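Work out the full structure: start from the sequences and follow the hints.
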Amino acid sequence: MSQAPMNDAISSLTENNYQIPNYGSTANLIEEFHCHSDVEEKPTTTDRRAIRILWTSAIICLIFIISEVIGGYLAQSLAIITDAAHLLTDFAGMLVSLFALYMSRRPASQRMSFGWHRAEVMGAFVSVFMIWIITGVLVYMAIDRITRNSYHIDASIMAITAALGVFVNLIMAGLLYFGGHTHSHNGGGGHHMHLSHSYSNSNSNSNSNNSNNTNINVRAAMIHVIGDLLQSIGVLIAALFIFYNESWSIADPICTLIFSIIVLCTTIYIVRDAMVVLLEGSPSSINFRTVFDSLERIDGVQKVHNLRIWSLTLDKIAISVHLEVTPSANAQWILKKTTQMLRDQYNVVESTVQIEGYSPEKQDCNRCIPPL
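Quick note: the sequence shown uses full-length UniProt numbering, first residue 1, plus one each step.
If you're looking for bench data, these hints aren't it; they were derived computationally from the structure.
If you're wondering where the values come from, they're calculated on a predicted model, not measured in any experiment.
The C-beta atom is built at its ideal place from N, Cα and C for all residues, glycine as well.
Incorrect hints may have been included.
[To be verified] Label-pair ranges, simulated between beta-carbon atoms:
1) TRP132 to SER320: 18 to 26 Å
2) THR290 to GLY136: 18 to 26 Å
3) SER284 to ILE70: 39 to 47 Å
4) LEU170 to TYR73: 23 to 31 Å
5) ARG48 to GLU361: 16 to 24 Å
Structure representation (structure tokens):
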């Protein structure tokens with residue numbers, strides 16, 4: 001902001017006898033800050049790792065899908081075909097997740113001012129709904145086979161294919177879990193600093209305790225793989241029963257029913273976390289009361305209200321808050337202190353801080369009361 005327009009604005013307000021609150025700030029203090037950092041924005045470590053792991057898992061998944069389709073056809077096993085269908089859903093889900101991750105790296109625009117971060121959440125939703133649809137179809141096929149009492153199963157091929165399924169799913173589960181689980185440390189970024197407004201845009205993706213973070217799409221893919229692993233184990237057990245006694249052929253569709261239910265249950269957690277993000281709920285990694293108390297402890301802050309905490313995506317937290325300060329407080333120092341504290345202690349990547357003068361006569365405002 002240039003000095004001349006600011007002086008003109010101040011002169012205009014003074015001529016109209018408007019009392020300008022200072023809060024200890026000066027024009028020189030404003031000029032000490034620049035609204036952008038010279039650090040180029042880059043994809044977070046979590047995102048880069050997620051893309052690499054998802055591509056590797058997708059290739060392994062596609063290879064084994066072809067193997068299971070061939071094995072299921074030769075064995076005439078619905079359970080094997082079910083497993084292949086779930087793997088196909090896993091593969092499609094990984095592609096959706098990769099698309100979402102690439103979209104989330106697109107820069108912000110006038111229409112999409114927060115960028116495309118929530119494309120990750122939408123990708124996870126699509127991935128989960130795909131497996132629900134496929135599972136519903138397979139449940140119908142299993143019930144139809146039971147009612148018609150129609151079984152022509154080669155237990156040997158079924159057992160071999162299921163055993164391979166267990167092995168491949170263990171590899172993919174380990175790859176997604178250990179590869180997608182990161183341990184990162186706080187990083188800085190640019191932030192806006194104005195008289196009554198602060199906006200931070202850091203690229204850190206670790207929380208205040210440097211704990212492990214997992215991208216939501218890697219989590220969704222891992223849930224898919226775990227569900228398919230459980231089904232492969234069930235199919236292997238069913239194949240062994242059928243191998244030793246053909247009268248147990250009904251175990252094939254029953255196995256499909258049981259493990260379809262398990263898969264549906266395991267995806268509920270992904271949907272729950274995604275819904276919290278879309279409904280702008282507070283993320284589980286941050287405590288509202290703890291943040292509120294930290295803001296109140298900043299020197300010069302008299303009262304905190306209108307604190308809002310939400311997520312752009314699971315690992316990108318945003319906060320807006322109003323701070324009432326004492327007349328002698330230095331607003332720019334408080335803005336800088338607040339922004340740094342939110343970024344370093346709570347991994348906040350987007351923050352908006354509004355500085356206000358403390359007004360004792362307005363303390364009965366219902367909208368300023370913190371939520372329970």
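How the hints compare with the structure:
1. TRP132 to SER320: 18 to 26 Å: At 35 Å between Cβs, range violated.
2. THR290 to GLY136: 18 to 26 Å: This hint is violated: roughly 42 Å between Cβ atoms.
3. SER284 to ILE70: 39 to 47 Å: With Cβ atoms ~43 Å apart, the hint holds.
4. LEU170 to TYR73: 23 to 31 Å: holds, 24 Å
5. ARG48 to GLU361: 16 to 24 Å: Between ARG48 and GLU361, where Cβ atoms are some 53 Å apart, the hint is violated.
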